[in-house]
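> Sequence:
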Amino acid sequence: MTQLIHLTLSRNTISQIMPYAFSDLRGLHALHLDGNRLTAIGEEHFKGLVNLRHLILSNNQLSFISPRSLDDFLETIEDLDLSYNNLADVPWATVAKLSNVNTVSLDHNLIEFVPEGIFSNLHKLARLDMTSNKLKKIPPDPLFSRVPVYAKSKGSR
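Those letters in the sequence shown? Residues 213 to 369, by the numbering used here.
What the hints contain is simulated information worked out from the structure, not anything from laboratory work.
Below, a list of computed lysine-lysine pairs in the BS3-like style, where the Cα atoms sit at most 25 Å apart: (1) K259 with K309; (2) K336 with K349; (3) K309 with K346; (4) K309 with K336; (5) K309 with K349.
Assemble the whole structure, with the sequences as input and the hints as a guide.
Set out below in structure tokens:
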């Protein structure tokens, strides 16, 4: 199955991923592991996924994600869904390097803190969902001062 482009393993009872489990799937663009029982993502779990664009890990029991686990697709990932998990901490330095990401879903987790300026280099980010976390304040970030195209003044045509 080395030519696989889209792999969906949603709504199973997967609780563990073996290191390098997907390493032969270099052409994979989408990996759906939502609705499983994963509790942690280690550094070697997603090794070899150099063309991954969509990683869907929602509705698991994730409480830990290794900061190096996304390294192989830092520049290709467009959609990262970590919603409905148990994440109190996110590998923020890694998230800050997702140069092509346009959607990040972190909603329904246990996140209390977002580092200042963490989204500043995510120029393609169009949707960020942090609904239902434990946030008490939002740090300053250039992301929040960007004026979207649809909000520009009608007189500027």
